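**Q** Sequence:
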Amino acid sequence: MAARGNSIQNDTIGPAGWTGESTVDREALEKSLRPVDRQLLADALPHFHVITDDYVHVALRDAFNWNEVARRLDEQSEGEWFIVAFRSVRRADADHKLLYEADSKAHQEAIHSGGLLQYWYGDLNHHRECLAMCIWVNRDYALNATRKPLHIQAARLASSMYETYKLERYLLVKKAGKLVFEIIEV
151 MAARGNSIQN
161 DTIGPAGWTG
171 ESTVDREALE
181 KSLRPVDRQL
191 LADALPHFHV
201 ITDDYVHVAL
211 RDAFNWNEVA
221 RRLDEQSEGE
231 WFIVAFRSVR
241 RADADHKLLY
251 EADSKAHQEA
261 IHSGGLLQYW
271 YGDLNHHREC
281 LAMCIWVNRD
291 YALNATRKPL
301 HIQAARLASS
311 MYETYKLERY
321 LLVKKAGKLV
331 FEIIEV
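Going by the working numbering, the first residue of the sequence shown is number 151, and it counts up by one from there.
To be clear, the hints were calculated from the coordinates, so they are not data collected in a lab.
Source: prediction; values computed, not measured.
There could be a bad hint or two in this list.
What the hints assert, rightly or not - Here are the in silico distance ranges between beta carbons for each label pair:
id, residue 1, residue 2, range
1, LYS325, PRO196, 18 to 26 Å
2, HIS277, GLN226, 39 to 47 Å
3, ASN294, TYR315, 19 to 27 Å
4, ARG184, ARG221, 16 to 24 Å
5, LYS325, ARG188, 15 to 23 Å
6, HIS277, PRO299, 26 to 34 Å
7, HIS276, LYS325, 33 to 41 Å
8, LEU317, ASP273, 15 to 23 Å
9, LYS247, GLN226, 41 to 49 Å
10, LYS255, LEU321, 21 to 29 Å
11, ASP243, ARG184, 39 to 47 Å
What the hints assert, rightly or not - Cut-off 25 Å, straight-line C-alpha distance, at most; resulting in silico cross-link-like pairs (DSS-like, lysine-lysine):
id, residue 1, residue 2
12, LYS255, LYS298
13, LYS247, LYS298
14, LYS181, LYS325
15, LYS247, LYS316
Glycine is no exception: its CB is placed at the ideal position from the N, C-alpha and C atoms.
All chains, please: the whole structure from these sequences, using the hints.
**A** Structure, rendered in structure tokens:
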């Protein structure tokens, strides 16, 4: 059986009364969401998981049960989402507690930024390799989150905590009449 990894699903995909939230921000977020975003979050992503223990090394499209997830959406639903994947090899002397705390804070900040549908991260393998990924409503939400202070703080740790790391970006596309996703590297 394949490893499951750690899916962190959000109860909401946008701000809900956090400090600093403006009425204009809230209204803009609500207007930007599509029914398919809510359906993906509520009905499909809870079933998302890896399908191979070697998810760190295989193409993203081969690592997860994408089409099982797509089949949980209405056949006529269509949408496009943005994925950011982070593949890394952690240094042997990395401060795991500091990394976890920075990641956790950046994750909470991303939720507060709006548009984050799911954060998934795998466990380190015996070579200290890992894969983590975020699924966003769109690229704009992802870019907005990268400009937030806690994300910047976490990103600054990368050069001292990882031997190597790589960011990958994808479009996740569901077309009407199809029960599969297309995953396109961008």
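**Q** Could you run down the list of hints and mark each one as holding or not?
**A** The hints, checked one at a time:
1. LYS325 to PRO196: 18 to 26 Å: holds, 22 Å
2. HIS277 to GLN226: 39 to 47 Å: Roughly 44 Å apart at Cβ, these two residues keep to the hinted range, so it holds.
3. ASN294 to TYR315: 19 to 27 Å: Between ASN294 and TYR315, where Cβ atoms are some 22 Å apart, the hint holds.
4. ARG184 to ARG221: 16 to 24 Å: holds, 19 Å
5. LYS325 to ARG188: 15 to 23 Å: Distance hint for LYS325, ARG188 holds at roughly 19 Å.
6. HIS277 to PRO299: 26 to 34 Å: holds, 32 Å
7. HIS276 to LYS325: 33 to 41 Å: This hint holds: roughly 40 Å between Cβ atoms.
8. LEU317 to ASP273: 15 to 23 Å: For LEU317 and ASP273 the Cβ distance comes to about 20 Å; the hint holds.
9. LYS247 to GLN226: 41 to 49 Å: holds, 47 Å
10. LYS255 to LEU321: 21 to 29 Å: Since the Cβ atoms of LYS255 and LEU321 sit about 28 Å apart, the hinted range of 21 to 29 Å holds.
11. ASP243 to ARG184: 39 to 47 Å: Cβ of ASP243 to Cβ of ARG184: about 45 Å, so the range 39 to 47 Å holds.
12. LYS255 to LYS298: Holds - the C-alpha atoms of LYS298 and LYS255 are around 11 Å apart, at most 25 Å.
13. LYS247 to LYS298: holds, 21 Å
14. LYS181 to LYS325: Status holds; Cα separation ~22 Å.
15. LYS247 to LYS316: holds, 21 Å
The structure fails none of the hints (numbered hints given earlier).
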